[in-house]
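Modelling step: build the complete structure from the supplied sequences, incorporating the hints.
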Amino acid sequence: MKKLVAAAAFSLLFALPACKKDSGPGTNSGKMSFTIKHTASGSPLQFDTLMYTNASGNRYRVERLQYYISDIVLYKGGEKKYAFSDIFYLDARYDSTRTFSFTPPNGVLAGTYDSLCFLVGLDTAANKSYQLPSSLDNLNMGWPDAMGGGYHFFKLEGHWMNGSSLESFALHVGENQFLVHSSVKSSFTIDASGTMAMSLTMDVNKWFDGDAPYNLSTDPTFSMADSAARLKLVKNGAKVFSFSSN
Amino acid sequence: MKKSIFVIVGIALIAALNSVSSCKKDGGGNNTVDTTLHLTPDTIYSPPHFPKPIIPADNQPFKEREALGRKLFYDSMVLNGTNSCGGCHDPSAGFSNLNMKEGKPVLPHSNLAWYSNFLWDGSQKGTLEDLALFEISVDHNVDLSLFNNNATYKQLFKTAFGVDNITYKEMSYALAQFMRTLVSKNTRYEEVKMRGNGTFTADEQAGYNIFFTEKGDCFHCHINPIFTDDQLHNTGLDTFYTLRVDRGYFNISGDSTDMGKFRTPNLRNVATRKFFMHDGRFTTLEQVVDFYDHGMHKVSNLDPIMALPYKANGLHLTTDEKRQLIAFLNTLTDSTFLNNPAYGRP
Numbered sequence: 001m002k003k004l005v006a007a008a009a010f011s012l013l014f015a016l017p018a019c020k021k022d023s024g025p026g027t028n029s030g031k032m033s034f035t036i037k038h039t040a041s042g043s044p045l046q047f048d049t050l051m052y053t054n055a056s057g058n059r060y061r062v063e064r065l066q067y068y069i070s071d072i073v074l075y076k077g078g079e080k081k082y083a084f085s086d087i088f089y090l091d092a093r094y095d096s097t098r099t100f101s102f103t104p105p106n107g108v109l110a111g112t113y114d115s116l117c118f119l120v121g122l123d124t125a126a127n128k129s130y131q132l133p134s135s136l137d138n139l140n141m142g143w144p145d146a147m148g149g150g151y152h153f154f155k156l157e158g159h160w161m162n163g164s165s166l167e168s169f170a171l172h173v174g175e176n177q178f179l180v181h182s183s184v185k186s187s188f189t190i191d192a193s194g195t196m197a198m199s200l201t202m203d204v205n206k207w208f209d210g211d212a213p214y215n216l217s218t219d220p221t222f223s224m225a226d227s228a229a230r231l232k233l234v235k236n237g238a239k240v241f242s243f244s245s246n
Numbered sequence: 001m002k003k004s005i006f007v008i009v010g011i012a013l014i015a016a017l018n019s020v021s022s023c024k025k026d027g028g029g030n031n032t033v034d035t036t037l038h039l040t041p042d043t044i045y046s047p048p049h050f051p052k053p054i055i056p057a058d059n060q061p062f063k064e065r066e067a068l069g070r071k072l073f074y075d076s077m078v079l080n081g082t083n084s085c086g087g088c089h090d091p092s093a094g095f096s097n098l099n100m101k102e103g104k105p106v107l108p109h110s111n112l113a114w115y116s117n118f119l120w121d122g123s124q125k126g127t128l129e130d131l132a133l134f135e136i137s138v139d140h141n142v143d144l145s146l147f148n149n150n151a152t153y154k155q156l157f158k159t160a161f162g163v164d165n166i167t168y169k170e171m172s173y174a175l176a177q178f179m180r181t182l183v184s185k186n187t188r189y190e191e192v193k194m195r196g197n198g199t200f201t202a203d204e205q206a207g208y209n210i211f212f213t214e215k216g217d218c219f220h221c222h223i224n225p226i227f228t229d230d231q232l233h234n235t236g237l238d239t240f241y242t243l244r245v246d247r248g249y250f251n252i253s254g255d256s257t258d259m260g261k262f263r264t265p266n267l268r269n270v271a272t273r274k275f276f277m278h279d280g281r282f283t284t285l286e287q288v289v290d291f292y293d294h295g296m297h298k299v300s301n302l303d304p305i306m307a308l309p310y311k312a313n314g315l316h317l318t319t320d321e322k323r324q325l326i327a328f329l330n331t332l333t334d335s336t337f338l339n340n341p342a343y344g345r346p
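Residue numbers (our numbering), protein chains in the order written: chain A, 1 to 246; chain B, 1 to 346.
Watch out, some of these pointers could steer you wrong.
What the hints assert, rightly or not - 25 Å max Cα-Cα, derived DSS-like pairs, lysine-lysine:
1) B:K125 / B:K104
2) B:K52 / B:K185
3) B:K185 / B:K71
4) A:K185 / A:K80
5) A:K128 / B:K215
6) B:K52 / A:K128
7) A:K128 / B:K185
Simulated from the structure, these hints should not be mistaken for lab results. Note that the structure is predicted; figures quoted are calculated from it, not measured.
In structure tokens:
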């Protein structure tokens, strides 16, 4: 069962203070809805199919893509306006987790905003073993205490062609110093009711093809125990999301 | 058969009243149902950091139903006199089998309240009630007339479910109630690592480090603290799948990517088991560790997490490391579970 993780109780304990607002609390009670699409090589992501090629020429397929999105922040006029501490678990295989929403307790002001930022992963307060509600999904994302504890922020697993040999890869990111700060620098609008329905796209290729090119032929194919590999993924993860065109 | 409907008006109220009202039900066959059942509520213990156990709203735990399920579990009449559930799911082996029956080892019955996928090939999904219904009505084709002609069972089912005519539904519900009570929670691992009481030996600690790092990479499927992820994986047992039994979930889905995928077994009490893997091909933990060390087959749908880079066909542990890993696996034995008189034959 793949459920959206809406850690309400947790949020109460560790809620980030909302950023300074420009004209007091919003008076609306709209819902902030997000739909996440996943693509690779310009097409909707299909699991288990060896059909994608990154910039390094690695032909690969995806078999597992799981991650958290948390600490969503809205920017307006270059300033941080709202920050939400809600945590969401996504398993790209399952529709049920690819759409999530929350209702800001104090509403948000209508208007046009500059950009959206969020974490792929969990902030320091949340990233402690057993901190999240005990669901099978959250336990499955556990980062072992023997390796620092907390949770996997992100898992991307599959196979790739190494010459004529089919090899596997497991790119996992976790631990506080490897938090992925992702941003979408494009304007969006929140209407008078405070409602926002946003569609984002994660381009899986960009985990390989960002500012720190990741080549499965030369970089580690398993990243958990390799901080340099994880650092590359953190850098690339900053730009894997964009607003969906439709 | 129409489904029974039990309206349970709040556990708190139930606890306060120590009874539960059951509305009219079933209508199937010639069942008639008492309007009021006097049942004793129970709770399923959920160990620290476990998810909430999966319990259907219409089969909340009651001691009378659990006791009936326990009696059924050990009664050979359920399997038409040939065996009983407990005959294969032996408590001393962590509710797995001491002897191979029909060429298939059984998965251990412990902590089933947290599963949604059942049987090695994942062919049964849903709740324990669904699993039990399949087992008695399809897999074993239990002869209900034996029970409907048995005065003791007639009374027990009347008390527990309010029915005069015993059907597969009530029988599966009772079995599910008992199986849900089989909770393993007192391993040495939990004592040391979760409760902070005592320390591991050097070998146990080294094995723990192998298990919970990419050295062994066991933890990605045998997740802490449940020691199963309730999912299906191809772990490279076979290159060819000539036998149907080796094809796993492919037999259900027909999808080639599911070839050879089997459910992750719970490792609690793994050291007490006599047979390992879906076909019992291994009979010692040493054989299992050797397989993951150098015996895996790099098939096209091998779970990605199974193939560490530059280590063909397995982990390539040293002899000492293999011994240490097994030392850790032994810390997952829960003697209080294995010897719990409440779980044994009534």
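Results of checking the hints against the structure:
1. B:K125 / B:K104: Cα-Cα ~19 Å, so holds.
2. B:K52 / B:K185: Between B:K52 and B:K185 the Cα gap is close to 14 Å, so the pair holds against 25 Å.
3. B:K185 / B:K71: holds, 23 Å
4. A:K185 / A:K80: Given that 25 Å is the threshold and the Cα spacing comes to 13 Å, the pair holds.
5. A:K128 / B:K215: holds, 22 Å
6. B:K52 / A:K128: holds, 20 Å
7. A:K128 / B:K185: Distance of about 22 Å is within 25 Å: holds.
Of the numbered hints listed earlier, not one is contradicted by the structure.
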